[in-house]
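Enquirer: Chain residues, written in single-letter form:
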Amino acid sequence: QVQLVESGGGVVQPGRSLRLSCAASGFTFSTYGLHWVRRAPGKGLEWVTVISYDGSNKYYADAVKGRFTVSRDNSKNTLYLQMNSLRAEDTAVYYCAKDQGGSTYVYDYWGRGTLVTVSS
Amino acid sequence: DIQMTQSPSSLSASVGDRVTITCRASQSIGSYLNWYQQKPGKAPELLIYTASSFHSGVPSRFSGSGSGTDFTLTISSLQPEDSATYYCQQSYSAPRTFGQGTKVEIK
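Line order of the protein sequences matches chains E and P.
The first sequence begins at 1 in the numbering used here and counts up one residue at a time.
The second sequence begins at 121 in the numbering used here and counts up one residue at a time.
Hints in this document: simulated from the structure, not taken from any laboratory.
Only a predicted model underlies this, so the values are computations on that prediction, with no experimental measurement involved.
Backbone N, C-alpha and C define an ideal beta-carbon position, used for all residues, glycine too.
Don't take each hint at face value.
As the list claims (entries may be wrong) - In the BS3-like style, the derived pairs of lysine-lysine whose C-alpha atoms are separated by at most 25 angstroms in a straight line are: (1) P:K159 with P:K227; (2) E:K76 with P:K227; (3) E:K58 with E:K76; (4) E:K58 with P:K223.
Stated by the list, open to error - Pulled from the structure, derived: some chain E residues nowhere near chain P, Cβ distances all over 10 angstroms: (5) Q13; (6) R19; (7) G26; (8) K43; (9) K76; (10) S85; (11) A88; (12) Q100; (13) T104; (14) W110; (15) G111; (16) V118.
Assemble the whole structure, with the sequences as input and the hints as a guide.
Expert: Here you go:
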């Protein structure tokens with residue numbers, strides 16, 4: 001069955017960096033778009049970024065544009081999120097989610113998430 | 121950005137009750153509306169996509185309807201395992217946005 005397992009979260013000071021990973025299994029990784037979605041404490045879900053099946057197209061939410069970078073390694077079935085210049089408002093649980101197709105923005109499978117806390 | 125507004129924010133109902141959650145978009149999104157369920161500490165799960173299509177394995181007591189700006193998720197007979205938060209999401213235009221969630225509790 002499809003499995004997505006995030007890792008790399010933790011407590012980090014404002015302005016510092018963190019890299020999240022998402023290990024995938026149970027589907028043909030190299031043929032689907034992948035997303036990061038986050039949920040801040042007490043708030044709803046917010047889409048963060050998407051990467052196409054081959055990594056050639058990437059799109060970001062305005063809130064993270066220029067600070068976050070999404071990438072993937074299709075040989076390792078792994079998705080990444082490099083987060084730089086972190087701010088308190090980036091504190092959230094970060095989920096990786098598989099696109100139902102290439103870029104339908106329908107998230108048919110999700111991981112359990114990894115918590116990122118930005119605090120001094 | 122398209123704003124998605126869910127109502128109610130929370131509800132409490134008994135096992136066997138029919139439950140309806142509404143999602144309203146700030147502009148027309150056709151049928152590009154999806155519903156997710158999230159239980160505490162668990163991954164969100166896709167229930168319904170494009171307003172009324174069932175994701176694999178979703179119990180038939182769940183159904184979705186609507187188009188344009190007004191959508192509904194219905195649980196025909198509430199079960200204890202349905203206690204969760206439900207989110208709608210529009211996949212019509214960037215940025216794809218979610219509703220604020222509806223928390224369903226069992227009386």
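Enquirer: Decide, holds or violated, for the assertion that all CB atoms of chain P are farther than 10 angstroms from the CB of T104 of chain E.
Expert: 6 angstroms, violated
Enquirer: Does the claim that G111 of chain E lies off the interface hold, with its Cβ farther than 10 angstroms from every Cβ of chain P?
Expert: 6 angstroms, violated
Enquirer: Compute the least Cβ-Cβ separation between Q100 of chain E and chain P, then decide whether it is above 10 angstroms.
Expert: 7 angstroms, violated
Enquirer: Is the claim that W110 of chain E lies outside the interface with chain P correct, judged by CB distances over 10 angstroms?
Expert: 4 angstroms, violated
Enquirer: Per the stated criterion, does the least C-beta distance between S85 of chain E and chain P lie above 10 angstroms, as a non-interface residue requires?
Expert: 20 angstroms, holds
Enquirer: Looking at R19 of chain E again, its CB stays over 10 angstroms from all of chain P?
Expert: 21 angstroms, holds
Enquirer: Please confirm whether A88 of chain E is truly not at the interface, meaning its C-beta sits more than 10 angstroms away from all C-beta atoms of chain P.
Expert: 21 angstroms, holds
Enquirer: Sort out whether K227 of chain P lies within 25 angstroms of K159 of chain P, counting only the CA atoms.
Expert: Given that 25 angstroms is the threshold and the Cα spacing comes to 17 angstroms, the pair holds.
Enquirer: Are the Cα positions of K58 of chain E and K76 of chain E separated by 25 angstroms at most?
Expert: Roughly 19 angstroms between the alpha carbons, so the hint for K58 of chain E and K76 of chain E holds.
Enquirer: For G26 of chain E, which was marked as not at the interface, is the minimum beta-carbon distance to chain P over 10 angstroms?
Expert: Per Cβ check, G26 of chain E is outside 10 angstroms of chain P; nearest 13 angstroms; holds.
Enquirer: Hey, does Q13 of chain E actually stay past 10 angstroms from chain P on C-beta?
Expert: About 27 angstroms separates Q13 of chain E from the closest Cβ of chain P, which puts it past 10 angstroms; holds.
Enquirer: For K58 of chain E and K223 of chain P, compute the direct alpha-carbon distance and say whether it is at most 25 angstroms.
Expert: 33 angstroms, violated
Hints 2, 4, 8, 12, 13, 14 and 15 from the earlier list are contradicted by this structure; the remaining hints agree with it.
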